[in-house]
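K.L.:
So you can see what is in the structure, the chains are spelled out below.
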Amino acid sequence: MKKMFLIIIMLVMVFSLSAKDKIVIDGSTTVGPIAKAFAEYFMSINKDVNVTVSESGSGNGAKSLVNSTCNIAAMSRFMKDKEFKASVANGVMPVAHVIALDGLPIIVHPSNPVKNLSVKQIRDIYMGNITNWKAVGGPDMKIVTISRDTNSGTYETFHKLVMKKQKIGKKCEYVGSNGAVRARVQSTNAAIGYAGLGFVDNTVKALKVNGIYPSKKTVSLGTYPIARPLYMFTNTYPKMGSNLYRFITLHLSKNGQEIVKGIGFVPVTNYKKTRR
Amino acid sequence: MKSVNISDSIQISKGASLLKRLASSFTELILLAIASFSTIIVFFIIFYIARDALPFFKLEGIGEFFTSIRWYPSNEPAEFGAASIIFGTLIVTLVSSLIAIPLALMASISLSDILPFAIRQYVKPIIEMLAVIPSVAFGFFALVILAPLLQKSGGSLLGGVVVFIFFPILLLISYILSNIVYNKYLKKKVYYKYVLFSVMSGLSVFLLVYIYLVLSRIQVSSGTNILNVSVILGIMALPTMVSVSEDALWSAGRDLRENSYALGATRAETIFKVVLPAAKSGILAGITLGIMRVVGETMVVWMASGNAAQIPGPWYNIFEPVRTLTATIAGDMGEADHVTGSSRYHVLFAMALLLLIISFISNFLSEWFLSRSKKKLRD
Amino acid sequence: MDINNRKVLNKSVTGFGYFSIFLLALSLLIILLPIIINGLGAFFFKGTVEFRRVQYEKFNRGNNEDILAEINKTNVHKNYIYKKMHTFMDKIDEEEIEDSYKYEKNVNELYKLIKDLIGPPLDEDRPVLIREQYGETRWDKAEEKLDEILYKREWDYTNKDKIGRQVKTLRLNDFKGTEIEDIFRYIETNIEAIMLPEFTFYYNFLFDKSYDAHFFGGIWPEFLGTFYLALGAMIFAVPMGIIAAIYLAEYSKEGKILSILRTFISTLSGVPSIVFGLFGLAFFINTMKVSDSKSVLAGALTLALLILPTVIRSSEEAILAVPDTYREASLALGTTKLKTIIKVILPAALPGILTGVIISLGRAAGETAPIIFTAAVSVGSPLSFGEIFNQPSPALSWNIYNLVTEHEAVNEIRHVQYGMVFSLVLLVLSLNLVAVILRARITKKLRG
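Chains as they are written, first to last, in our numbering: chain A, 1 to 276; chain B, 1 to 379; chain C, 1 to 448.
Watch out, some of these pointers could steer you wrong.
The list that follows gives simulated cross-link-like pairs (lysine to aspartate or glutamate, EDC-like), each with its CA atoms no further than 20 Å apart [what the hints assert, rightly or not]: (1) C:K7 / B:E258; (2) A:K82 / B:E60; (3) C:K105 / C:E148; (4) C:K145 / A:D201; (5) A:K165 / B:E76; (6) C:K160 / A:D140; (7) A:K22 / C:D292; (8) A:K254 / C:E328; (9) A:K254 / C:E132; (10) B:K273 / C:D2; (11) A:K82 / B:E79; (12) A:K167 / B:E76; (13) A:K171 / B:E79; (14) C:K343 / B:E28; (15) C:K162 / A:D140; (16) C:K46 / C:E192; (17) A:K208 / C:D116; (18) C:K115 / C:D174; (19) A:K47 / C:E148; (20) C:K168 / C:E188; (21) A:K170 / A:D201; (22) C:K112 / A:D124; (23) A:K216 / C:E143; (24) B:K374 / C:E254; (25) C:K105 / A:D140; (26) C:K343 / C:E328; (27) A:K160 / B:E258; (28) C:K112 / A:E258; (29) C:K209 / A:D48; (30) C:K115 / A:E258; (31) C:K152 / A:D201; (32) C:K253 / B:E28; (33) A:K261 / C:D116; (34) A:K85 / B:E76; (35) C:K58 / A:D48; (36) C:K115 / C:E95; (37) A:K142 / C:D161; (38) C:K339 / B:E258; (39) C:K7 / B:E269; (40) B:K184 / C:E192.
Read the hints as simulated data drawn from the structure, not as lab findings.
Please work from the sequences and hints to get the whole structure.
P.N.:
Structure below.
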């Protein structure tokens, strides 16, 4: 019996000693890379904090914040009024922090000769009114449309800015993340998809939309039509000087901006451009 | 169970004191309470899933969910037609059963009756290995290796596999047929048999080449499709099906087989006319359990089914992407955007409830099959 | 039927039987082989000097002097390349070259590729992102990158009715007549001297934490998370399962209660794993509040429910397999039933119980769906023991999904994904192997 007690006491001690401060981030897969990079950078300079990142979708991030099961909700869209109401009802006051800007490039397979589409053409393609690349000046191929899951902020941005709330045709394939959209497009000649700016590399081709190429510049100028801010929501503004405060203001520092840029997003504040 | 009776009688005969007996029944009660924990959990699961599922039917009614194919959960107003998603689960289950059942049947027969013990020893671990490989590893294979292959050369790949599997089968069939025809009509000249055989196998080669050419012309627009997940799910269902049906075949007993042999039956006749009918219930139980594994599998379908909420046109086009119930729950749970109270959240629980009901039904079915087979064996 | 026909049919059935077993083995082989071969690539590969730099600077591994000597050796080449590039780029900035705007885009692309290959110049401020601090760590990746530097891939869209064709052109052509013309040859001929490839056995892939979203380092947090989850599930499920098995095997009498219990146990084993996940979220986290958010504890509890039926069944079988003579002998000595069970039957059944436990341990380690909503996160540090009660953790199974579908550079870290799948499969298979060996011993013992 005595041994048991000793073991229990030791367990409790280990438990209490090793209780680190933690920051729990939940939400969008689009904001995910920023959150992950911030988390690792933050943990490398603050050894006593464990930052965890779940990428389960903007909606889930909001839900977690409302239920106080996370400290930061990473969201690629703004909170909806229902979510606001629910959080206030739960005693949670959401505060938005815009941590980066993002464009939503329309991507196709690099072998696709089409270079430019108008927003209306994209809408028609996704509604199922245009089903062949021939109709928009490409080769004779059946278009394979790829969309993000309906739970994602990326989908809602696309739905609002491109679809103008029209319904996406039922043939459309839904995938769970930006990376998966790119993976589907890079392996499918006839595919069209949309993903965050940070997810475009040389294995896919970003199209001009209404004649404007998605780039950091056109996004921050606001000329590229499908662009949006990326948010992190906290419950009230965090206590100054706390770990959470330092984390949520990271994007304003030079290093934070460099990380945002390095991953392929557009920093909100413009810091001096050095080329090398 | 015999032992229990013996020990009970010993205790009673010893005339244990009242206190001791009380203590012993008290321990028994505690043990019973812990043993019925699984039962409680099942009820808890039903309760928690149903609690969040029933509001959906209250809010949206039952009709739309089962009949409409319009799945637009995030539109205003939202539409929750899950028919295409239920169809997705059904078609994936159907195709993978078509792949798994014949193979599982044949494999369990050869495990119980055909293979010599030396080989059987090595085959069993193979089946166990298939059973323990995590589903996410299967999903990884489906998405990273199989999907690009299917996309690039899906038609010819399928054609190749069909030829690979059906060439030996057709050869065997033509061998059987040529022998039968020979034995019945042309008993005299031996070389007729060979002529017949070569003509028939030539025909089957021709048929296979034709099938290959037809299949290889298919353009696969998306590598993440019904075929992809069905093949993988079929392989995943094999171990359950094989091990349960092998048990059933095995427990049909030596006597049965020996009686059949004594009557002059060949091994094949013994298997198909005597053993299989005797083990039918057990095999059905195994198949039901295997199918249940397919219906409940999440990761593979989430990763590699394409997740398009549609009924392919035509419905049997296995190169089209679909969306299943499990993948919808896994993928859409991230949304649940209005905390609680929204149909969009409850619809996922409604799907979980549907899955739960399917699993209960198939479980009771397999239990029933098993009890029937036990009864049969006892008689 | 004719006797010959019956013989033929008999033979054919044998043929079909062998063929089906062959297909079974083949499918296992087709699935496992690529995973094993590519997975081994995460452990055995040719590491470049950049790999050793990462190991030294991030994990404190290797000899200081050796590393410095290697870095100095490669720096000769690096400096040469960067000096040339910088002078040329400065000239473009100052517009000292004719039509400098024409070069600007191309030279920036080239500069980035070179930086990716050999790492940024060491005399400059370090970038914040770790992936920008180092060049290619693996020789196979370095070779790919070199190819990308030497050849440009463009798409030829001249035929409007067909999809484009990829054309490889020499990147050199963009810089014909400029002072960096010879840089391509220089890199190509000196690539081995710049990267110093060396065969490496990186066993620490299992035990290193990851840096910069798995660009560098290993899979320790995931591995540890899986370990905690599986072990935690065991801690809850095993005692519960064994006690239930004892009741079923030793106490219960054939009848209503027993058949109800059995039905529910098999029902529980048939519940789809994703439903367990939903239940874990709704029950353990939202209702019971075992932790304020996802945690290893909640995940382990959910997994425990999932494997409970397996544990019960295998333990029951093991207990029933203990010969009745054991029971009778013990009872004859006047021991109570409970003592008999604890002192005699359980020890005798232990190997059998252990086999079942090990198999369900493997099952718990491999499950993904139940932990999506209850325990798994994409990024988190390795947890100490005390943290598992309230902290979530990455886990192998979930992070395989996460890295394959949600990572921003899926193709760059293919080897890590394969390494992860390989480790998980290896873990589960070796657990199973232990179980198989254990079982073989028991059968021997029972026979002998």
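K.L.:
Take the hints in turn and mark each one as holding or not.
P.N.:
Okay, the hints, checked on the actual structure:
no. : hint            : verdict
1   : C:K7 / B:E258   : holds, 18 Å
2   : A:K82 / B:E60   : holds, 19 Å
3   : C:K105 / C:E148 : holds, 16 Å
4   : C:K145 / A:D201 : holds, 14 Å
5   : A:K165 / B:E76  : holds, 8 Å
6   : C:K160 / A:D140 : holds, 9 Å
7   : A:K22 / C:D292  : holds, 12 Å
8   : A:K254 / C:E328 : violated, 79 Å
9   : A:K254 / C:E132 : holds, 16 Å
10  : B:K273 / C:D2   : holds, 17 Å
11  : A:K82 / B:E79   : holds, 19 Å
12  : A:K167 / B:E76  : holds, 10 Å
13  : A:K171 / B:E79  : holds, 16 Å
14  : C:K343 / B:E28  : holds, 17 Å
15  : C:K162 / A:D140 : holds, 7 Å
16  : C:K46 / C:E192  : holds, 11 Å
17  : A:K208 / C:D116 : violated, 27 Å
18  : C:K115 / C:D174 : holds, 19 Å
19  : A:K47 / C:E148  : violated, 39 Å
20  : C:K168 / C:E188 : holds, 17 Å
21  : A:K170 / A:D201 : violated, 28 Å
22  : C:K112 / A:D124 : violated, 38 Å
23  : A:K216 / C:E143 : violated, 30 Å
24  : B:K374 / C:E254 : holds, 15 Å
25  : C:K105 / A:D140 : violated, 33 Å
26  : C:K343 / C:E328 : holds, 13 Å
27  : A:K160 / B:E258 : violated, 74 Å
28  : C:K112 / A:E258 : holds, 16 Å
29  : C:K209 / A:D48  : holds, 16 Å
30  : C:K115 / A:E258 : holds, 16 Å
31  : C:K152 / A:D201 : holds, 15 Å
32  : C:K253 / B:E28  : holds, 12 Å
33  : A:K261 / C:D116 : holds, 16 Å
34  : A:K85 / B:E76   : holds, 18 Å
35  : C:K58 / A:D48   : holds, 18 Å
36  : C:K115 / C:E95  : violated, 23 Å
37  : A:K142 / C:D161 : holds, 13 Å
38  : C:K339 / B:E258 : violated, 45 Å
39  : C:K7 / B:E269   : holds, 10 Å
40  : B:K184 / C:E192 : violated, 75 Å
Violated hints, in rising order: 8, 17, 19, 21, 22, 23, 25, 27, 36, 38, 40; the structure is consistent with all others.
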